[in-house]
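To convert a position in the sequence shown, counted from 1, into the working numbering, add 1122.
One or more of the hints may lead you astray.
Claimed, not checked - Only pairs whose alpha carbons sit at most 16 Å apart, straight line, appear in this in silico EDC-like list of lysine to aspartate or glutamate: (1) K1438 with E1322; (2) K1438 with E1159; (3) K1438 with E1327.
Hints listed in this document are in silico derivations from the structure and should not be mistaken for laboratory results.
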Amino acid sequence: MRKCCTPNVYPPRDRDAHVNIAEETIDWLYREQLQIEEPWSYLLPTGFTWWADQYAQTVEFLGQETGPNGELGYRVCVRTELLRDVDLTEAALATINSLPMRAASMAGPVYDVSARMLDLWSLVRVTDDNGDWMRYLLAAAAVTQIAEARLLAPALADAVGGVAATSAHPESGTRSIPGEMAFAAAAFATSGDEPCAWPEAEFAEAVSGYMNRPPEAVAAVEGHGVTVEFPFGERTSLCRLAGDQPHPLYGNGLLVLQSFPVPGAERLGESEGIRLALSLNAADLTREVTGYGLGSYSYDDGAVHFSGFVPNALHKPGLLPNLYASCAARAHAMAARFTEGRWDGDAYSLDAAVLARRLEERRATAPVVERPRGCPLMSAKTGG
1123 MRKCCTPNVY
1133 PPRDRDAHVN
1143 IAEETIDWLY
1153 REQLQIEEPW
1163 SYLLPTGFTW
1173 WADQYAQTVE
1183 FLGQETGPNG
1193 ELGYRVCVRT
1203 ELLRDVDLTE
1213 AALATINSLP
1223 MRAASMAGPV
1233 YDVSARMLDL
1243 WSLVRVTDDN
1253 GDWMRYLLAA
1263 AAVTQIAEAR
1273 LLAPALADAV
1283 GGVAATSAHP
1293 ESGTRSIPGE
1303 MAFAAAAFAT
1313 SGDEPCAWPE
1323 AEFAEAVSGY
1333 MNRPPEAVAA
1343 VEGHGVTVEF
1353 PFGERTSLCR
1363 LAGDQPHPLY
1373 GNGLLVLQSF
1383 PVPGAERLGE
1393 SEGIRLALSL
1403 NAADLTREVT
1413 GYGLGSYSYD
1423 DGAVHFSGFV
1433 PNALHKPGLL
1443 PNLYASCAAR
1453 AHAMAARFTE
1463 GRWDGDAYSL
1473 DAAVLARRLE
1483 ERRATAPVVE
1493 RPRGCPLMSA
1503 KTGG
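Kindly produce the complete structure, drawing on both the sequences and the hints.
Dropping the structure here:
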């Protein structure tokens, strides 16, 4: 099977000055990388929705923002419908925490309180500087979400009492024969049978070249990986990038694991801790880019964790320092939230009444936002 999402060779971009990098990325995903068939898709003003199988997936531009170094960035998401009719009982929370949260690869579950739906989300900031390689990570997130929805949705539906969120194209109907991309993630599992693609020397080079300097407190090579401590108020948060921890679905690759000693988290009951982790997913996978939104928060042992996994097939020299920078940004954001009081729990509450009140407040004060001219796909479809 073709390794559809490996970023080992980056083709040159012939850049259209009138198309921003987010539009270009979405266009490339639709036309080239995901091999999307028109009868099983429809276009949106800022992206598209499609069916590789029976689970709808949307790739969409969500807005632009200025990055930490002043660069203009564009938030692009991939989301796949997973479950509907979900109530967050204690049993449901425990199941969600143990499967799609703690065993996350490149996406995390986000719960929509009003719709009672659970979807898989990935969110990244695409810039002119990272667009040539970030698009491959987005493509990988898309195909792994498809695979995980097909695998997890039926099992989760039985366990939590929800319904697998299968759906039909509004004109073509239900897709009875899956497309090629429904099986594309098998390439990651195949590559995972090989030893970790990140050699030990790469971890040592990352430490000597990029770490042991602000904002981290200390970094050290530990076996086939690196451990980093970041300031977290009077304590530190721990980050590990490890090549010796296989993923249950994708085999060998690179585990990204961060642990945050959120004040008071150790006193939360398990259900409340998981609700906090789901609230953080809602924040960082749908609205805020605090690091690459390619993974999931979870709750375990009285602490909040973030984990993600990069399959072997996505290895490229230079990716490890970028993953480290993402972890550093997340560590800084989490410290600001929970040691400097910047976390607004009500904004991402799983309580419907609280969210309804906050929505009304946002609507009353939100400025009018002019939408971008739209994805090139839509321009082509409409003739301009």
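For the pair supplied as a hint, K1438 and E1159, is the alpha-carbon distance within the 16 Å limit? Measuring from Cα to Cα gives roughly 29 Å; hence the hint is violated.
Given the hint that K1438 pairs with E1322, test it: the Cα-Cα distance must not exceed 16 Å. Given that 16 Å is the threshold and the Cα spacing comes to 14 Å, the pair holds.
Measure nothing beyond the straight line between the CA atoms of K1438 and E1327; if it is 16 Å or shorter, mark the hint as holding. Cα-Cα ~14 Å, so holds.
Consistency note: the structure conflicts with earlier hint 2 alone.
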